Structures are given as structure tokens and as C-alpha cells.
Amino acid sequence: MTVSYLKMEGIAKFFPGVQALKDVTFEAAKGEILGLIGANGAGKSTLMNILGGNLQPNAGRILIDGKEVCIDSPTAAANHGIAFVHQEMAMLPTMSITDTMYISSYPYKRGLIDYKKIHQNCRSVLKRLGCNFDPREKIRNISPGDQQMVEIGRALLHNPQIIIFDEPTSSLTLREKDHLFDVIRSLKNEGAVIIYISHFLDEVFNLCDRVMVLRNGETVGGGQLSDYTYNDIVKMMIGSKEIDTYYSRSEHSTGEEIMRVEGLSRTGIIHDISFSLNKGEVLGIWGQLGSGRTEVARALVGLDPIDSGMIFINIDGSMTPVKQSETKKYIGMITENRRKEGLLLPMSVKNNMSLANLPKLTKKSIPFVIDPKLENSQVEKFVSRMEIKISSPSQRVETLSGGNQQKVIIGRWLQKNPLIYIMDEPTRGLDVGAKADIRRIISELAEQGAGILVISSEIEEIMSISDRYIVMKRGGIVNEFGGKVTREELVAAATGALTEKE
Amino acid sequence: MTGKTKKNFSFRNFLFRYGFLFVLLLVIVYFSASAPSFFSLTAAISVLHTAAPLLVIASGLAFVIMTGRIDISVGSIAFLSSAVAALMISRYHLSIPLAVICMLALSCLMGAINGFIVVILKVNPMIATFGTQLAYRGIGLFLTNSMVVSLPRSIRFLGNKKVGPIYVDILFSLFVLLIMFLVHTRTQIGRQIVAIGNDISIAEKLGIKEKKISFFGYLLCGLMAGLGGIVMTLQVGGVTPTSGTGYEFSAIAMLVIGGISLYGGEGSILPGILIGGITLAVIETGLNYVGASVYVYSFVRGGVIFVSMFADALKTQIKPKAKIIEDEESSTILAK
Amino acid sequence: MKKKIIVTLLVVVVISVFAAFAPAEQEQTVKVCVSWNEKVHSLIQAWQDYMEMYAAELEPETGIKYEWIVNVANGDANLQNNNIQDCINQEVDYIVARAQDSGTIGAAIKAADAAGIPFITFDRASTSGEPTTHVGEDGYLQTRTTAEAFAALLKENGVEGKCIELQGDLLDNTAVLRHNAWKDVEEELGAWTTVAEVPTEWKAEKFYQGALNALQANPDANCIYVASDFAFSSVENALSAVDKLAPTGEENHVWVAADDVNPMGYEAMKAGIIDLGTTWEAYSVSVLFVDTLNKLVKGEAVEKEYLISGRLATPETVDSLEYLYSLDPKYTD
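Protein chains in written order, with numbering that gives the first Met the number 0: chain Y, 0 to 501; chain R, 0 to 335; chain G, 0 to 332.
Among the hints, a few may not be true.
Unchecked claim - With the C-beta cut set under 8 angstroms, the calculated list includes, among others, these residues of chain G facing chain R:
(1) 229
(2) 240
(3) 252
To be verified - Calculated cross-link-like contacts (lysine-lysine; reagent style PhoX-like; alpha-carbon spacing at most 20 angstroms):
(4) R:161 / Y:137
(5) Y:108 / Y:126
(6) R:121 / R:208
(7) R:314 / R:211
(8) R:160 / G:243
(9) Y:327 / Y:415
(10) G:243 / R:161
(11) G:329 / G:269
(12) Y:328 / Y:362
For the record, the hints were derived by calculation from the structure and aren't laboratory data. What you are looking at is a predicted structure, and each value in this text was computed from that prediction instead of being measured. Even for Gly, the Cβ is constructed at its ideal location relative to N, Cα and C.
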């Protein structure tokens, strides 16, 4: 084992009412990538914010290169060679790349900013990251992936020895992600200590050498990644929660056809999409970002126009063609954009859940007047069925976690009881526990006879719940698979590797 | 692939950035055709001379607007500070340098008050500076007893002193613009003001002391309003109770025409303010030259302000249109 | 019981004492609301001062004591109407207003009429409603006096006039009247042609820039009419910028007619820059106003308007004019 360069010892941090960290100890050596994982709220960010100087610990000490150091501000952290690449990029769209990197620490020459020097520095840092653009380019003219490089570039300006990456891939495409990983590996080879925070296990397995798992502010395990499997890590992350519900695929008995799509097309976006969905079936649509999977979902519920194609839905036992604008009556749509699509954040859980369903909640005696007893009982029923964690039904939705917000949306649809659900990335941004809950709900819905279309970019997720798959690429369906498909087959189909072989 | 999208992007940028130059050119051609004497050096100098006080005021105001805030009290700051200086000189016979120093200190103070109310007390900038606009003018009217304060004859004609064919105040305003340009592009404070205009919370996250910098913007704005007041007063030879009224909107129009967005974070001192200032002054001067009807003035002025604001709003509507990158060669990682 | 009687007696005594003294105070207090549109120049202050002074002088004679409620609208027509509404709410006895906008003051006049308060327009007539009466100097007559004298002066000196007209704010009725008079005399006597009309909105900056641009656009211009000389230093600056600031008699002199004889204009007239102008009366207009007001208070009939016209002033005669407020050191500073 290499000598540790960074050591955090017995770190504890209290917030009013919460103990975020209890006695966390870890070390990291130069030239290694340490994966720091844990569910949301496990204390990863708190720990790293302490190291980054944004927070002060209540107990414990930090040693760098064997010497105890005091990190009381982000500047102090920078002085100790610690750089923090934040999850949310701090970009200045109207300013140049150089400005965005140097904004709070410009070097001066004869009373003016020495742009010649910093453009040069900037260019060399970017080159080190494999980027070849002009540092005078404005941020708004470069892609999010390149912006991420700028964010990293800023961290690298002061030649840090310790680099913290906090969920750096959330806004990247696969290709950009790939590039980022190469960059991180090369930084590692240059001898930096790298701490990589993520809740994507595949990323961690792909990239990291060692792993440390946090749960509820405590270290629950860690060591060389090669000693662990996915399941080991997941077990550590979610602890008492039944591991089976997380990755197991429950068998559904599928019934009669409930929806059939024929030749759905929209010029330049999707073409000739045909498939059918049965009762009690979970159909996974798998494909890369930009393959047209979200567009299909949007077209099915009439959010985007179509040029040609038919949608049939089983209404009262017979397959009836349904106009695109009317499919909403039969289809419940749940997306990753909880805020944009449907949640009224400042309003209560109760209001949000009963909003779409008010006509059914009116008093029988007086029309148009909401029956509060009926409303409360309905809301309570679904809150308990979905296991939504709230203090009371009048709690404001914006104070809930992402997972509970998602459950509120699903709960709203449950009241309408649609035949078909479309779920576009239903678990994106949720922690592991919440993901498992959402998956359980999907399984239950299918068992009760609904047809469910699931879109996900996480292959483990889609494989854990789907009965059948269609694979999309560049706007069309390239393959269909049954339940026994392997991970490799799916990936190969989506990337085109499969078709090339044939 | 990226090359293509970039080209489209910069063409749009080009149109928005230089659109007003074309308009300016058209306006000049129009006036020159209807009043031949307009196309002359004298007229050109006169245009800059007309614009001089507002150029100075606008160059300070730019530092507030670039943070995404606004200051509509600049006209009143110019009025009150020059009224005080004029009173000190002509009524109390104090020395001119002393009066100028007091005047600039006073204008800084007024800027600081604006900054305090807006940045520290977090009052809506429009409302806050509308209040101080009334208050500063009120104090000025009280001090001057709402009368015209004329400068003594000895300094009255400084406003039209020339070096060769060029008025001194043109040189002065260009010098001020140059300094402000350097402050904007080549100092940390100037750059941080633009960063704040991008997004206050991101700026703070990047370690910028937002309050301090924004406050400085208001202070600078006040100082420049005072300097502009000097130019204004010298041109006219005195301070009248209406001095500086309407300056805030002319200055804002200048900035917007020059491409400085009211939404913050965008635009340049040079050539931006110069283009805006010249456009506005060309229109005013040109209307004088062709002897236009009185009623045309307000109409044209209103039209120009409306068009420039509309262009600004359009620009920000277009801004969020991010580039869509297709994931063409992404197969590499997954194929592993 | 005894106490009660004493208290009652005391009250009776006190009341009768008051009753005895009250008729002795024959004086009547009249509340007058004065609404100035703005206080752009010292003329307005002079009007106000002369009004109060003259009314106070008359007080022993007429027994009418005035209480002046003064408000200023800072050049905002809406604010002025609001100010007048405040006066109506305070239940004043009379309202006098110098309108910011002749076209919108009518609303205030109607409101006052509805409340039964007599309304006097002062200096600027209303074009949007009938007030009880109007007191003022006639802008048309004033500029006519100036223009006729100016025509004579130009002819006398053998000058064929090419004039620049610096007009006032054409929202202001007086400015329109002056403009009309200038145009009429131009047509009638043909002593000059107007080569440029410059709107100034009564703003010093526009006087300067407008005059400068017009002088440059028309290098052959040899005369200027300035609708008001309250900020004449700006015109002087413009003249000096084109090297034409010279007193009468010098070769590069531009003939200048400027109305009002404000402090700045007086100064320029004494310096020979302004050749002539007609006074904008402060004292006599205020006197006329107080006389008219007294008539109203006494219940006498009043005419629809009381107008006086100013007196012509030239560098030679200006010092001999009486009650010229521009010579009052109080207003010249």
C-alpha cells in the first residue's frame, strides 16, 4: 500500500438537529482515485466541504503530507493544494473562458490585468485537459461538456495535489463522460490525489481504484474496488434495506394487448416507430441520449406533433385508434423534470396530489365544492400506499426530497388510474433508497394490470424492471429483446455494434 | 460539425452587435441628404460635443447596469452636485478647485447612498433610485431656491473651449471613456461586475464579494454623474432647476443602443457607449440641422428607445438557445 | 350646589367676553391655494413674493387676510392636478394655478368647480376648461411688441434678417403664443426670415445645443429670437462657440431679441448682447391678481380675463423701468 498523502481523522460535524458526520476517518494516497459513495444525505458532500474549506468540522483533524493543517476557508484549501470541482458548474456565460477561470484571482501587470499571461496559462491548462479551444471564446458558445473541462481547468490552475470531483458527469453526454474519465486518469498518473464522489456505481467501478462508502455520516466500508462486487457496495450503501428489491426483476404475467403503435414518424426526429404493449407488462425503451427515446414518449402523449402513424389503445376490450391529442386520457406520464412538468413547489402535498383529480372529489350534495373529508382520505390512502415520507399532508412540496416529490407525482396519477404509464427517467437524480421505492411501485402497478413504458439511461435500472425491451438508435427501433437479454446485447444494440456484425 | 454551428451563432451575434451601426449609417445618410451642411467636420464635432456630458454619465451608469441593476437618479445627481458647486462658486465665492472637489465628493456620496439602499438594504433598484432621484432634485431645488444659478463670466465659457477645432469636453469625455474601458476590461473589479451581471449566486460562489463590488458600481456611477454634471454645467454656463432631467433615460438609451444589456453581464464601454452616444446625438443634432418640427423630436426619441429596448429583449430571448450536440461517436465507451 | 352655580357663572362670563371681542376682529381669513407648475426661474418666486407683499399692504384697508397655501409640481402636469385636488380636499376658498400643461389643467378646474371653489388661472391660460377668471400677461402681445421693435431695429441698421427661433416648450400656451406672434410679425413686416426653429422644452441644455447646431447649420444667420432669456448663458455659450458673441456695434454681432428680461437676460442686455426684449411682468401681474382676488372675495363681478402686456426694454431703457423684478437683488443671485 502506498503512503497516504491526505488523512482526515475523526471528523465530526453537527448541524442543528442533525449529526451529519460522526467520527469519519479516511486516507488517500497520491496517484490513486478514491471513490466516495453513499446515498443522498450520507455525508459525502459535508465531508468534502470540510476538506474544501467551506465548512468547519466540530471535531477531528486533517493531515496533509503528515502535517496537521487548518482549513478555514476555500482560499486556505487552495493554498494547501486542494481543488474542488463542484457538481453545479459555476459558469459565466457572457465572459471568456479565461475570465471564468480567473475571475477572483487575476494577476496584474502595470496596474492592469495581465491577459497575455493568463490566456497563455489558460491555453496550457486546457491543452492538458485535451481541449484545443481559444481561451478567449465565450462560455455560452461552448458545450456543457467543454464547460465541465473549464470547471476542471479552474481547479487545476494552482497545481493542486488533491482534487475533489463532486458528481461531475451529471450534465455530460457519454462521449464527454468518456473524455472526462481519461482526463481524471491522466491527472492521477501525474500524481494527484483524486477523490471522486458519485452515486453511479458503474462510473465508480470504471474509474476508481479504491472506494469508501458512507452511510448516515459514518464510514461503513471501503477498500480496493477489485475486492467488491456491485452488490457488496449497494448493500453497504443502503444497509438494512432489502437488497432483493433493488436489483431483482420481478416476474409479471402479461395479459392482452393494451396499446399498439404503428409507424409513428416525425421528420428528422423519429421514424417508423411500431411496437405493442401488453397489460401487466413493463416495456423498457433503451437507447443513448439523443436516440429519440424521449421524443417517442413525448409524441405518444401529444407533447410533440407527429407527421404520420397511428396509436391504438384498448378501450373496453377493443383496440381503438386514438387521436394523438386524446391519448392523455389513458396515459400517465412521469418524467425526470419533476419541477417543470407538474409539481407546484410552494403548494402542499395534498393540493398537489388532488389537483388533477378535483372533479372526483366534489361533494355529492353541492356541486363544485370540494369535500375535504374525501380529499383527505384519498390523499392519506395514497401517501401510505406510496410510503411518501411527509410530516403532514399540508407540508410544502418544495421541502421534500426528490424521491418523495416523484412519489407525489405518481400518486397523483394513481388517483386517475390510467391504463398505461410512461416513465421517462423516473429515478434520475434520486438516491438509491428512493430508486428502489420507485421500482417497487412500478412493479406493483404492472402487477395490478397497467402497461408501463420505462425509459432510462441507466442500464442496470432498466434491466432490473423490464419484461421486454425495444432498443432505439437515431430515431428508429433497431432491436427488440425478450426478458433474457444480457447487458452486453443491449449495449451492443444501442451503440450499433450488433448491426455492424451482421 | 461544431464549426458550422459556430458560424451561425456568430452571424447572429454580429447582427445584434452591429445592427445599430447600420441604423446609424442610414440616419447619417438621411440627414446629410436633407441638410448638406450636416455632412461636415463641424457637425461631427458638434455631435460629439452634444453627447459629451451624457457619455460621461453613461460610462458610470454602465457599471450599474452591467450588474443587472439600474440607477435612474443620475440626472438628479448631476443636478444636485453641480448646483452645489455653482452655489459655492458664484454665491459664496469659494475657490473653484475646492468647489469641484466638494462636488465630486458629494456625487460619490449620493452614489454610495444609492448603493447602500440597493445593495445592503436590498430595495428594488428601480424603486430605490426613483426615490433618490426625487430626493436629490428636491434638495437641489431647496438649496437653489428653484432659481437659475449662473456661473461667473470668468469660467462660463470653459464649456466651449476648443483645442484646434475640437472642444475640450469631447477630449475629456473620450478620456473618461478610455479609463472606464480599461476599468471594465482590464481590472478585477470591472470583470467581477460583469460576473455579477451573469448571475449573482454564481459570482458569490466564485469568491466574488458581490456586495462590495456592486456597491462600488453605484459609487462609480455617482462619481461619473458628478463629472458629467461638470461638463453639462460648463456647456450651459449655469445650473437651472431642470438641469439633468431626462438624462437617466437618455443615458440608458445610449447604453442599450450600444449593446449593453439591461439584463446585465453584457456589453462594452468601447465602442458600445460611443456608438450609442453618437447615435442618439446624431439624431438630436440632425433634427436641429434639418429644422424638424418640434413634434417630431419626441416621436423619434421614443422610437429609438423602444427599438433599442426591444432589440435587447430579443437578444436575451435568443440567448438560452444552447447548442445541441449530437452524440455521434459515442459508441466507443459503450462498446467496451 | 353652590359649586355648580359658580361654574355656570364662570362659563357664562367667559362666553360673553369672547362674544364681546369677536365682532371687533372684523378681519376675514381667506385661504388661497397657489399651485405653481414648477419653480424654474426666479420669476415665479417674485410673483409669489409680490402677491403676498401687495396683499399684506392692502390688508388694513380691505380687512381681508390671506392665508397662502403654496405647492409646486416640479414640471409634472399630473402632479399639479393632484396638488390642486389636495387643495380642494383641504377646502380652500380660492385656487390659483400656473398650468404646466394648458391642455390638462381643465380637469383640475372642473374638480374645483364641482366643489364650488373659484379657480383663477395665472400667467398661462387654460385651453381645456373655463376658469372663473384668468390673470396674466399676454404672451402674444408681449412678443408682438418685441418683434415689431426688432423689425424696426433691423431695418434701421439695414439688416436683412435671417433668424434662428429658439422656441419654448410648445406644451405651454405662452410659448405657443410667442411663437405665433413671431411668425405673424415675420409675415406682416418681412423684416426677416426664420431659417431654423429650435424646440428647447425650456431646458438650458437644449438652448445651448440647439442654438449651437442651428448656428453651425446656418452660418449666414444674423439674428436670433429667444423665447425666454431665463437661461441666456447657454445662448451666450453657443454664440461664443461659433465666435459670434459680440456686443452691438461690433462686426460679428448677432442681433438678439430675447423676451422676459430675467436676471440673466438683464445682464446680457446691459452687456449689449441682447438688443431688445419685452419684460415679463412680475409685480404688476401680481398686483392685478390680488386686485382681482379682492373683487372675488367681496363678491363683485369679474371679467373673463385680465391681461397686461409687458414693456419694451432696450439696453438704454432697461434701468429706467420701475418694479422690474430682475433688478431686485433678491432675485438676481
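Verification of the supplied hints:
no. : hint          : result
1   : 229           : 6 angstroms, holds
2   : 240           : 4 angstroms, holds
3   : 252           : 17 angstroms, violated
4   : R:161 / Y:137 : 42 angstroms, violated
5   : Y:108 / Y:126 : 25 angstroms, violated
6   : R:121 / R:208 : 15 angstroms, holds
7   : R:314 / R:211 : 29 angstroms, violated
8   : R:160 / G:243 : 14 angstroms, holds
9   : Y:327 / Y:415 : 11 angstroms, holds
10  : G:243 / R:161 : 15 angstroms, holds
11  : G:329 / G:269 : 19 angstroms, holds
12  : Y:328 / Y:362 : 23 angstroms, violated
In summary, the structure is inconsistent with hints 3, 4, 5, 7 and 12 from the numbered list given earlier, while agreeing with the others.
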